[in-house]
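From first to last, the protein sequence lines are chains S and U. If you want this note's numbering, it's the position in the first sequence, counting the first as 1, plus 677. If you want this note's numbering, it's the position in the second sequence, counting the first as 1, plus 1262.
Some hints here could point you the wrong way.
Here are the simulated DSSO-like pairs of lysine-lysine, each with C-alpha atoms no more than 30 Å apart in a straight line [what the hints assert, rightly or not]:
1) Lys899(S) <-> Lys1309(U)
2) Lys1349(U) <-> Lys899(S)
3) Lys913(S) <-> Lys959(S)
4) Lys1309(U) <-> Lys830(S)
Keep in mind that the hints were calculated from the coordinates and are not lab data.
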Amino acid sequence: MPSPASALAIDAREVAKTFRSGWLRPRETAALRGATLAVPRGAIVGLLGPNGAGKTTFLSILATLLIPDRGTVRVLGLDVVRDSMALRRRLNMASGRPSFLWSLRVAEIVAFYGRLYGLSGAALRARVDALIEQYELTPYRRVPYSELSTGLKQRVALAKSLVNDPELLFLDEPTLGLDPDVSMRVRAHIAALRRERGVTILLTTHYMREAEELCDEVAFIKAGRILDAGTPDELKRRIGLGDVIALRLEPAVPAWLAEAPGVLRCASADGWTKCTVDDAEKRLPDLLRQLFAEGVTVRNVRVREPELEEVFVELAR
Amino acid sequence: MSWRADLLAVWAVVVRNALMASRNVFFFFELLFWPIVGVVSIGLMTKFLGITPAQASFVLIGTIALSVVNVCQLEVAYAVLMDVWSKSIKHQFLAPIGIRHLTVGSWVVGMVRGSLLFTLLAVLAWWAFDFRVLAAGGGAVGLFLFGCFLNAWIVGVFVCALITLFGNRAEAFAWASVNLVLVLAGIYYPVSVLPEPAATLARAIPLTYFLDAYRSHFGFASEFAAPIATGLALSVVYAVVAHLAFYASVQRARRTGLLLKMSE
């Protein structure tokens, strides 16, 4: 059942955006062609899609940085064009390729944006200190931004994005180019934001494992349209990828196997018979029972759930 | 937005610009090197040409005004330029602030730098060429400086508008535009010597009137009636137009995506 509008942090309908460039030979690039997305309050939602699909454009419209050509966009109950100033107080954004004023130091960057959001005096100092500590930036607080590593810059971006205690946070590829251990820490921070502060998060990522680990729901965008949205499990079911049951059988594959209830398809390779079923937990006992009944020896069994990456490949095709 | 939030946003820009200014070697050249070179070279030229002390003061007032307006105007343009150079402009416009906070905050720093520069050049002109800039009295000096700062603010805001309209390509305006204004405003000569179309343009520039009023304290007959009032009235009109232009170009940048292109 769809969520009522008041329960939605983002309610974007039929959003279109075309970029125009060139004076002598004008070119048009349709970045969004009627994208529709609903994000419940307090959820972490991943916006996934191939390069050039319109992810950053969509995020930028939702964050009031771009004005859409068409469609209605309400964020936290406010219109992104008409109420943009009021909305900006309640949201923030960080990207995986952050950039701030080079010669400002870490603490100065966070403090600068803190002042822009109305913090001052002891409240500002406390907020800056807390964010610097939270993102393990204490040893770097007096280091100029230009001298920081990529991972540290990303942590500064995350600290800056929380300076106004936002209700809604946009993260554009937050772990892009980070070492695995740093990525894990950033993901833990993102999960903690929702858990501890109830922040709604919309993030874009190319890492499917990240989306699967963090997101309650994912939306696939391609060529400026949202193709599908839901929980990772719902999407896997809807796409019909199913679970894979790999069997080592002796003798060879019985003819009925491909026609058994719940089996979507079967293929054999390298001595393994791989059956894609709608639900492994439900179908495996019946399959094994039937195989035993027919005298087939089951030498090995492996069950694998499909990964989000496979959904991505299927939808991006 | 409450007045407190307004002040805080302006203060944020003041602190940022001041910190950046204190750490950039180019700011040293802007504040000291080029202005000192300008006053010394023009002063020596007046000696070589053997012009009267009154004529020398006429030219030196123009030289000092040029430096003050230039330094203050660049500081206002830095409200946008520094973020464009560091590709961080989107964060500035993601925050709940208006363009007035950017332009006023950077203008405050520009006025501080301009006042420091004026003091330095006044001392230099007195020491090297026996030209007493402050002889006109505190009130006249204050009005003249305020007029210079108003002009710098207007030009700086127009430069910000051009940068958000055309992107990095418009960067050259930051350095070039003020010189065009100063040539027309009669920096080294009375505007009456300009050919007619240029003289008409000169009469549309507020700085023309502030220069005219200040020079009248050094024995030059004023070319305009009520120059200070005219200069202030024109400045108010241009300041409003400049801010409307800046606002419109930011909105356009939000529509065209230029704001994102100029960011990370």
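- Message: Would the hint linking Lys1349(U) and Lys899(S) be met if the CA-CA limit is 30 Å?
- Response: Distance of about 27 Å is within 30 Å: holds.
TODO: Starting from Lys899(S), check that the Cα of Lys1309(U) is at most 30 Å away, please.
DONE: violated (73 Å)
Q.
Please verify whether Lys1309(U) and Lys830(S) have alpha carbons no more than 30 Å apart.
A. Roughly 56 Å between the alpha carbons, so the hint for Lys1309(U) and Lys830(S) is violated.
- Quickly compare the C-alpha distance for Lys913(S) and Lys959(S) to 30 Å and report which way the hint goes. Given that 30 Å is the threshold and the Cα spacing comes to 16 Å, the pair holds.
Hint compliance for this structure: hints 1, 4 are not met, and every other hint is.
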